[in-house]
Amino acid sequence: MSRPDAVAPRAVLIGIGSPYRRDDGIGPALAAAIQRAASPGVTVTDSDGEPSALLDAWSGVPLAVVVDAVLCAVPEPGRIHRTALDLAPGSAVSPAGAAAAGLGAGAAAASTHGLGVPDALRLAQALDRTPGRLVVFAVEAADLGFGSALSPAVAACLPDLIRVVLAELGTAAAGSGP
Amino acid sequence: MTHRSRQLRVSALARIEGEGALRVVIDGGQVSDVQLQIYEPPRFFEAFLRGRQYTEVTDITSRICGICPVAYQASAWNAIESACGAAVGEPVAALRRLLYCGEWVSSHALHIYLLHAPDFLGYPDVIAMAADHRDLVERGLRLKKAGNAILEAVGGRAIHPVNTRLGGFYRAPAAAELAALAEQLRRALDDALATVAWVAGFDFPDVELDCELLAARDPGRYAIERGQIASAGGLSFPAAAFAEHVTEHQVPYSTALHATLDGRRYLTGPLARYTISSAQLSPVARQAAAAAGLGPACRNPFRSIVVRAVEIVYAIGEALAIIGSYERPGPSFADVPPVAGTGHGVSEAPRGLLYHRYELDAAGRVAAADIVPPTSQNQAAIEADLAAVVSAHLDLGDAELTALCERVIRNYDPCISCAAHFLDLRVERR
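Residue numbers (the working numbering), protein chains in the order written: chain A, 28 to 205; chain B, 1411 to 1840.
Think of the hints as simulated: they come from the structure by calculation, not from any bench.
Keep in mind that the hints are not guaranteed to be accurate.
Have a look at the derived ranges for each label pair, beta carbon to beta carbon [what the hints assert, rightly or not]:
1. Ala64/A - Ser1442/B: 17 to 27 Å
2. Gln1638/B - Phe173/A: 44 to 54 Å
3. Pro186/A - Ala1802/B: 26 to 36 Å
4. Val101/A - Arg1840/B: 31 to 41 Å
5. Glu1500/B - Pro179/A: 42 to 52 Å
6. Pro179/A - Ala1777/B: 28 to 38 Å
7. Tyr1533/B - Arg109/A: 29 to 39 Å
8. Glu1654/B - Ile107/A: 51 to 61 Å
9. Asp187/A - Ala1541/B: 50 to 60 Å
10. Phe1530/B - Pro179/A: 30 to 40 Å
Since we're looking at a predicted model, the values are computed, not measured.
We put the CB at the ideal spot given by N, CA and C, even for glycine.
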């Protein structure tokens, strides 16, 4: 969305998903909302989750915040899960540590789309192209079918999601902070 | 049911673009059925486009795929501008070709390095490959980034370009902006040539496809963003005659339609492009191809990785040539007033021929849309290849046979995000 700032960004927000697959569009919807509120030094982008693009977006940036939709076995649509990992030199995260944080390799990598954030993170670690700190907000989806509208439950969580993401980015404007 | 009965399920068919499912049935020692089951977003988009303004179409179709959005824009421009009787000037056409070159470089680098090469080097995925061959993966990512740099400079951003519009571009880049890109592309050309030499050394099973090959052909150059349609067997027809030759029919197990060319199975994509137009490649690309052991035609799907590498060389050279002679077009777009009628357009998506047809009313509203992506055209040919490969390797255990089927599918770089979703593989032995 926005071009990287001329100065090195201190944070990047990446909204992953497709706006034409209903709740999968929560990442781009959040990115569009944050775009208007983000402060200088924060780069906002949306992504289809393709791993090399994620590496390009977050490599060497002190803080990367990623927002994506997830399907859970016992769904509670609109519920927000937060996972944080320190990846800066000296705080190397082992695969076991990443798995414990919920970012381990899950099912076999299915595709560049199915190669999700966990696989992109493992590739980034193999190539030393991680952000300093990675925070993932996963939003439980109700409907990933074709269509351009979020489900009511996921749409309803958007204000909360904006608030927690802005707090994470340290850019909450006066009066709208947590 | 007197035969030995076994069933194997694999949770995911790895390393293809998107999602789908494959079912192979082996009955009494013979392959009785191969079904590539895919579920197809373009069908949804066709319905979604009806009633929209003709000027909105390319912004919507670009969302069909994050890997090849320019292809979905280009075929739509070609179809709608043809329906309206509009023609863009050569400078705008050159910018479109430049943009499309960026997509070829980016998409092919992704497939070669992140998805396909691990098959030849014996790794389960690129993450394992990166642990041993970090320099190679870095080279692949550099190449992909060079392609993305073109997309960003011309299209405004790397995925779903926003600077494009019917008739051309909202803003044509300044010559200085493109000149800055040229240095990166010159380095990328070295990476691309090294890629051809690298993949040429892989071990290729000896396989030849006997089906018809279909691709766009553009007189005097390698077809990318426009062209007539040609087959290796000598057919030649305009996009408007696509439906006279290509017939789509439904199969019960997939939402992607199967296609036949004059009643026969056919293939689109790098092998078809190369076989039909290899003489139109640049001298440096032809030389790289020859050094890699490619003749004037290539029908071995395993060698498609070499053809893709050669096409990266060509696309970077083409991008450098366009940038070298670039003059910023006066108006960055041509006016395209709406005209009631039907338009057809094709272009060469990284995965093959992409056909669009639109019917517009006098106000420019879309009355009907038809999108035929390369992966659904290739579906029958991929199934036939799988059936032949499985028949020739019935002695393999289920795990090895499954792995081989996955390799066969990846040879075609199926963009199942254009044509399907999750891929689940099942082999049944009865």
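Hints versus structure:
1. Taking the beta carbon of each, Ala64/A and Ser1442/B are about 59 Å apart, not inside 17 to 27 Å as hinted.
2. Gln1638/B and Phe173/A have their C-beta atoms about 33 Å apart, which leaves the hinted 44 to 54 Å range violated.
3. Checked against the hint of 26 to 36 Å, the C-beta distance between Pro186/A and Ala1802/B comes to roughly 59 Å, which is inconsistent with it.
4. As the Cβ distance of Val101/A to Arg1840/B is approximately 36 Å, the hint placing it in 31 to 41 Å holds.
5. Evaluation of the 42 to 52 Å hint for Glu1500/B and Pro179/A yields a pass: the beta carbon distance comes to about 51 Å.
6. Between Pro179/A and Ala1777/B, the C-beta spacing of about 32 Å keeps the proposed range 28 to 38 Å intact.
7. A hinted range of 29 to 39 Å holds for the C-beta pair Tyr1533/B and Arg109/A, which are about 33 Å apart.
8. Glu1654/B and Ile107/A have their C-beta atoms about 53 Å apart, which keeps the hinted 51 to 61 Å range intact.
9. Between Asp187/A and Ala1541/B the Cβ separation comes to about 39 Å, which falls outside the hinted range of 50 to 60 Å.
10. Separated by about 48 Å at the C-beta atoms, Phe1530/B and Pro179/A break the suggested range of 30 to 40 Å.
Checked against the numbered hints listed earlier, the structure breaks hints 1, 2, 3, 9 and 10; every other hint is satisfied.
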